[in-house]
Amino acid sequence: MQIDRWIQYILRPYLVLIFILTALGSWQAFLTHSKWHMGDWLINYQGGFVRRGLLGELLYQLPEYSSVSLGFYAFLCLIIFNALFLLFSFLLLKKQAFLSPYILLIFSPFIFAFPVNSFDHFESQGGYFKDCIYCCALAFIGWSAVAHQEKTFEKIYYFTLLCYPLIILTHEVFAIFLPYIVVVYLTKVKLNRKRVVLNLSLISLSIMSFVLCIVFKGNDIQATAIYKSLLTRYPVTMNGSIGWLGAPMKIAIERVLIQIHSNSYFKIYGVILLFASIAFLPVMQQLKFVFKNKISLFLCLIALIGTLVLCCIAIDWGRFIRFNLVSLFILSLVGGALMPRKSEELKPNHRINSYRTGYLFYIGVFLFTISYALLWRIPSCCNYRPPISDLSTNNLIWTYQTYKKIIYDIVSPF
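The sequence shown begins at 59 in this note's numbering and counts up one residue at a time.
Simulated pairs of lysine-lysine, DSSO-like, Cα-Cα distance not exceeding 27 angstroms:
no. : residue 1 : residue 2
1   : K246      : K346
2   : K350      : K213
3   : K275      : K308
4   : K248      : K346
5   : K152      : K246
6   : K209      : K152
7   : K352      : K248
8   : K246      : K350
9   : K248      : K152
10  : K350      : K153
11  : K252      : K213
12  : K246      : K352
13  : K350      : K209
14  : K248      : K350
15  : K346      : K209
16  : K275      : K286
17  : K93       : K286
18  : K325      : K308
19  : K463      : K93
20  : K350      : K252
21  : K152      : K213
22  : K462      : K93
Just so you know, these hints were derived from the structure itself, not from any lab.
From just these sequences and the hints, can you work out the full model?
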């Protein structure tokens, strides 16, 4: 189809543009010593073992042997994981027989463009936390399932499961979405007794890692120790991700209730879920192939229940929704590449004989895709900017104004 050729021409420069904009936003977070973003990456063990601290501790040790800023290491991690997510997603897209079913997902405001489109004021930006680590891991496993033979893929998968407890020690939320990685495995490999035992054994390590994160959730003393450890390396204010380690559960739940009442969370995110579901309608066949296995369906249900629990104790509903949307996107790509197709299905269809009808059809697809990409978004939290845009505040105009300021802040010292 003509639409597939258009997507092929646009896809690579589009993803490069997304990477550049994400890198600029990451650099801005580095320059401003962002209390939420840089603070999230730099939580460490200088106050003792605590959830989310593994990667920050590894980064903390690096400047001992280098004069490079600690924050710069966090910036590098941010752009590397985002780049790998874009790369493996691109490779998965290249494995599809047709790209047209994915057009809304590719250009949606919640898959690749989320770091760009979630801008409210900068500190509410959802795309610069550690979320990209999980997105990268899932995209890598998805690509491995499609690109490698079963035996090679199994080795990669088991090694990933072996390492996943370390990923959970980087951020405990990643444990909630581990089931999606197992679903990729089940789409590629048939279970037997040996594989069940091996999977359960490796998954139990991640469960233990998650329990450790719950037990060692952090306190004010540890948060203060982390804050002080960064003062001479790369100071980050305490009233952000670091300080939040010591926040009691009661306060977290109260914040959620405030957002539900004052910012109409149920109404807004309900509409957002409805909008997001539109993009998945063309790939339902691929998802049905993935979830034909009842175990896969059950695992997806576990991840969704875990997401609901997260939404009860944290206000970042947009980020949590995006975790699931990206996961379903990757799963649809895996399903699209692995599902058997009849020879006639691989031939271009939907031929339009009338030039006028074809012209109107392509114009309609273009306008709908542009509208879908620009006129709404998923706020990370708090809804500082309305999620449904009008023409004067659409994502393109907002992005231009935001990144114009970011670029000015970056180049002005020179």
